Every structure is written in C-alpha cells, then in structure tokens.
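Engineer: Quick mapping for you: the protein sequence lines, in order, are chains A and B. Read in UniProt numbering, the first sequence has 218 at position 218, and its numbers run on one by one without any break. Read in UniProt numbering, the second sequence has 398 at position 398, and its numbers run on one by one without any break.
Be aware that a few hints might be false.
What the hints assert, rightly or not - To give an idea of the interface, some chain A residues facing chain B are shown, with a C-beta separation under 7 Å as derived from the structure: (1) GLN28; (2) ARG36; (3) ALA39; (4) PRO42; (5) SER76; (6) GLY77; (7) PRO82; (8) PRO83; (9) LEU87; (10) PHE90; (11) LEU91; (12) PRO92; (13) TYR95.
Quick caveat, the hints were computed from the structure, so don't treat them as lab data. All of these numbers come straight from a predicted model, not from anything done at the bench. Here a beta-carbon is modelled for each residue, glycine too, at the ideal position from N, C-alpha and C.
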Amino acid sequence: MLARTAASAALVVTLAAFDGAAAQTANQPPDTMAARVEACTPCHGNKGEGTSDVYFPRLAGKPAGYLYNQLLAFRSGRRKYPPMNYLLEFLPDPYLQAMAEYFAGEHPPLPPPAPSEVSKDVLAQGEQLATSGDAGRNIPACVSCHGPGLTGMQPGIPGLLGLRAPYISAQLGAWRYGTRTAKSPDCMQVVASHLTEADVTAVAAWLATRPAPDNRAPVAKGTYALSFGCGSQPN
Amino acid sequence: MGSKLSIALLALAALTTVARAQDKNSDVIARGEYLARAGDCTACHTAPEGRLFAGGRAMPTPFGTLYTSNITPDPETGIGKWSADDFYKTMHSGRFPDGGLIYPAMPFASYTKVTRADSDAIFAYLRSIPPVNQKNRPHELRFPYDNRQLILGWRTLFFSEGEFKPDPTKSDEWNRGAYLVEGLGHCGMCHSPINALGGTSQSDAFKGGLIPMQNWYAPSLTSNREAGLGDWSIKDITDLLQTGVSARGVVYGPMAEVVHNSLQYLNDADTKAMAVYLKGIAEASSPPPASSTLPNTESSLLISLGKTVYDKNCASCHGTQGEGKPPHWPPLANNQSIEMQSAVNPIRMVLNGGYPPGTKGNPMPYGMPPFAGLLSDNEVAAVVSYIRTAWGNRGTPVSAREANELRSAPLN
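Bound conformation, chain A alone (with noise of 0.2 Å):
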C-alpha cells in the first residue's frame, strides 16, 4: 500500500509538470482534457452536457468531488455499467479527479425541461416527496439534501435538474437492488430503500420537469445541515 501511495505521489507531480508544458506538435494530439476524454463525449456530449439517449446522464456543473466519487465506484465495479467500468479499469485517481474537474467546469444550458407523461395528481405527489417528504413513511425531502433550489452541495451532492425521468427511476432502482453504492453510510440507499414504485415514478417525473434556476451552481460546502448523514459528504 505504502508503494502505491509512493506512486500516486508521483504521478500528482508528473501531472503538474505535465499541465505546464503545453508544447505541441503538429503530430501529437491536442495536449488538453477535452482531447483525452473524447472517449466520454460520444455519450456524454461534448461538454458533457448529456445526449439524447435518456440513461446518459449530464456531467456538466455537477460538484468534482461528486463526480469523482462516481468515477472511482465504476472504476472498481461498485457502480455498475460494464462499458465504463471497462473504460476506467487502469485509470490513476489524480487523472479520474482531471476528468471530474473537466467536466465540473463546463456549463453549457441545461435542456428544456421535458414536458411530463403523467398526470397532475401524481405530479403533485411527486413534489411533495421532494420538497416535504413523508414522515409516517420515513422518507425525507429530497431537498434536505440536495439543497431548496436542487442544485446540490459541494463537495458530493449532486444536484438534480437537467436529468431525465427514466434516469433517475433507474438510479433509484439501482440503489434498491444494490447495483449502485455509495460510500457507507450511504444514505441515498436508505432514501431508496424507502419509496414504493408509484413514489419513484411520481418524484422522477416531477423533478424531470423542473425549469433551469438562474444560478445552477452547486451551493458551498456546509450551506445547510443534511437532514442524516451521507459517507459521500464529509462534514
């Protein structure tokens, strides 16, 4: 372990002295991160701004400690999605954290939102699971963490707009069958763990129709207690 830490070490450095020289021949590949993660792009969009298959999540503006903790988990087979586990096998934790921050950095729009499939009454029912929860049935506002405008928190909670109905219902089903982990506690389990069918259908759906806030950003580190605690956001 010591060794690998040893090396890890080297590679940060490697990497620094790597960021400066940016000297570049005609004959070597663009020496930038969009360059090196075109392998993303083709489902990520090119700014990772999501493509019109709606289980591509978009990458872009969410917090880099989040999206480097989804990197490390597909990385070693916690999360699964064979062609990315694929992807990342032999991948070094200072290159995932490049690539988280890459993609933290770019904000092109979020899409319209989409116009809903389902009725109003279950629509309602949706924003009611996530703007006050159920507490006979243990279930939490999802606002209580992923903060009031839902644009999460820095450094590991995601925010939740820009994304799709069906992906969001997979990633809660997900978690229920234990395909998808985060770092113990892991309290979106527990969320999950707690919604029926029809609760995951309805709270999706609503959230797929939230409109764009004007500041998307994900709030600061510490901006509000999470209603329990989550392994992925140290306090």
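Keeping the supplied structure of chain A fixed, place chain B upon it in accordance with the hints.
Structural biologist: Quick look at chain B alone, frame taken from chain A:
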C-alpha cells in the same frame, strides 16, 4: 576505563550489526516487493477495493470459478505459519505445505523457474505486509474438476519443474530477459494456445492463443505476423512495456492490466533485458497464405462501406492513411495487432473502445470511444475489414456474424 571503553565499543559493534542486519533485511524486503511486482501477484491476489494480498478475487475458468488465496502473514487465514521452505514449494513445485496439489491457475508452471533466493525475497516481503484476517472462499468448480487429483494429469502433460537454466551461448542481458519473461512474468500463461485441459505445452510456448472466458486474443510473441517483435526497435518495445504506448502500437484489454500492475514498475535495465529477449525469440516466419471465409464480391462491398465508416468515425484520430498520431493515437497502417489471423482484438476495440493504462510514463492516456452503440454489426465488420486490408495491411475481411458474436464478450 579501558574495559568500560571496550564494553561500550562492543555494544556499539553489536548495535551496528543489528542495524546492518536490519538494513540487509529491508533490502531483501524491497527486492521482494519489486519481484512481487514482476510476478504481478496483486492482479490475482488483491480483490477490487479489497485489502492488499488478502485474496478473494474471483477467477472465472471454463470449469467454474476459483477464488484466490489470502497470502498476507495472518496466521489463521493467510500464510503466517508458513516457512520459506513451504513458500518455495508452492512457487517451485505447485504444492501446498502438506503436499496437496495447487490449481495451475496459480502460475507455478512459470514460477517454477524462479530462483530460491528470489523466492525467499518475495516471501520476506509478504511477511512484512499487514496481516489481514479473511478466510479463503471455497472454489466453485463443477464436477469432476472439483477433484484436485485431476491436477496430476495436467501436471504430467504440461508441467516441468525446474529453475531457469541460462543459455551460455546468449548474453547476460538476454538471459535476464528470458528469466523474467518465462518465470515471474508468466507471459506464456496468456500468450500460448490454451487447450481443452487448460494447459500450455512447452513446444507451444509463446505461440499465442484466445484467452478462455475473456475472449481476447493474446498474440504469438514469436511470429512477426502477430506480436513477434523482430522488426521493432528496442526503444519501441521498452516504451510499450513501461508506458503502455509506443510508436508501433498500444496495449489494451488484459495486456493493459499487465502493464498497469506489473511492467511499469520494472527498472530500465530489466525492461531492456526483456525487450532484447523478446526481439530475439521472434521468428522470421513465412506469412501463411491469407484466407478469408467471405466470397470476393461480399468482401469488396464490405470494404467500400468500411472506408465510408472509417473516414467519418475514425480518421480524426487514426489519420486518413492510418498513420495515427503516435504514440497516443496509435497507427493502424502496418500495425501487426490488426492484421493477425484472429480478428477478435480489432473487433473488440471498435465495439468497446478503450484507454491504455495510466502509467508513470503516461499518466493521462488518450482514449478511444466505444462504437457498440453507434455502429451496426455490418458497419463494424465493414470498418474492421477496411483497416485490416487498407494501406498495405495484409489481414482478411471479417463477417457481420463475427462482429455480432463479440457484442456479448465480457467487459471485465
């Protein structure tokens, strides 16, 4: 006064001996760690997100799943009670301390070449790492493979016990390379045809083969038509082994794992020795006649569709003439790993894309996107047929069925 001084001196001498012994000991441990890297023990004995060398990693085989052992010095669940003799017996003879037979998924058929001194150094290193109390998970092998006596048959056919014997007609450097490649590097475990019994016969060593369960083709290291390195420069070979990329080609799939966990840590002298040996064993083989299973008219249609697909999706990185921007965007023209008889690897590269491993020498590699979701079976076959035959490449066209079959190949 005099006697006090001599007592003090004696004590000092004793202290320095202890210090020297410790120094010597830590030298041995450091060497053992280096050799454990060269043997890539971690690839199998450390589970994803698991503790170092605590085992428990699943190894799927055609006969069922094996789970690797805990080789930390924990006395209950690891090898804490083993002696250096016990350890050497495992490495050299493929037997447990009680004489029981070890499955050849533990590459003792290669490690048998390791010297006693190197085995002892690896053992000293393993004794120095933190013990982890984690029970070995029982293997899940199907009948009759769950019977260890069957290993006897395998051993008779494929195992010849014995330390590496240097070839006196060759240089020290060549012999050092041979020792690493044939021994700790266990390169032959993948780069040899695997027969139904899961063994590698001596005469087929390094002749290449499809890795079972993983569906990657490990090319021959002796034929210049495959990964034989006869016409590579030493620098291109050492670049490939140490950094994962080179002016001639890049590593991917299981070979990316080998570079990532093992080869990148070898020093320049050892890497060069391996390169010299690998270049030396390449045979100037006469090319076998190109044979394609596809009728001519079908192949020429495929290839013209392939050019369209290539210019649209691939030329931005690999160049309109397949020249690439080496080493990061590998050349496809005159790239052996595309022209081989087996088209498994280029088809899988197009379907799955990939990143070479991040290494000390190449910490932020460039990547290739997967095209599985963007191209139909026919388009995949077309573009692979095109790159295998364009720009003077001497491969053969592939069919849409071959492309389709590899869509379900496992990705890990």
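Engineer: Are the hints correct? Go through all of them and say.
Structural biologist: Results for each hint:
1. Restraint check, GLN28 of chain A versus chain B: the minimum CB separation of about 6 Å is within 7 Å; hint holds.
2. Because the closest C-beta pair between ARG36 of chain A and chain B is about 5 Å apart, less than 7 Å, the hint holds.
3. Because the beta carbon of ALA39 of chain A sits about 3 Å from the nearest beta carbon in chain B, less than 7 Å, this interface hint is met.
4. Here the hint on PRO42 of chain A is kept, as its CB sits about 5 Å from the closest CB of chain B, short of 7 Å.
5. Contact between SER76 of chain A and chain B, as hinted, is supported at the beta carbon level, the nearest pair being about 5 Å apart and thus within 7 Å.
6. Interface restraint check for GLY77 of chain A: the shortest CB-CB distance to chain B comes to about 5 Å, inside 7 Å, so the restraint holds.
7. Interface restraint check for PRO82 of chain A: the shortest CB-CB distance to chain B comes to about 4 Å, inside 7 Å, so the restraint holds.
8. Because the beta carbon of PRO83 of chain A sits about 5 Å from the nearest beta carbon in chain B, less than 7 Å, this interface hint is met.
9. For LEU87 of chain A, the interface hint holds, since its Cβ comes within 7 Å of a Cβ in chain B; the closest pair sits about 6 Å apart.
10. A cut of 7 Å between beta carbons decides the hint on PHE90 of chain A: the least distance to chain B is about 4 Å, and the hint holds.
11. The closest approach between the C-beta of LEU91 of chain A and any C-beta of chain B is roughly 5 Å, which is under the 7 Å cut-off, so the hint is satisfied.
12. At its closest, the beta carbon of PRO92 of chain A sits 4 Å from a beta carbon of chain B; the interface hint therefore holds under the 7 Å criterion.
13. Using the Cβ-Cβ criterion of 7 Å, the hint placing TYR95 of chain A at the interface with chain B is satisfied: the shortest such distance is roughly 5 Å.
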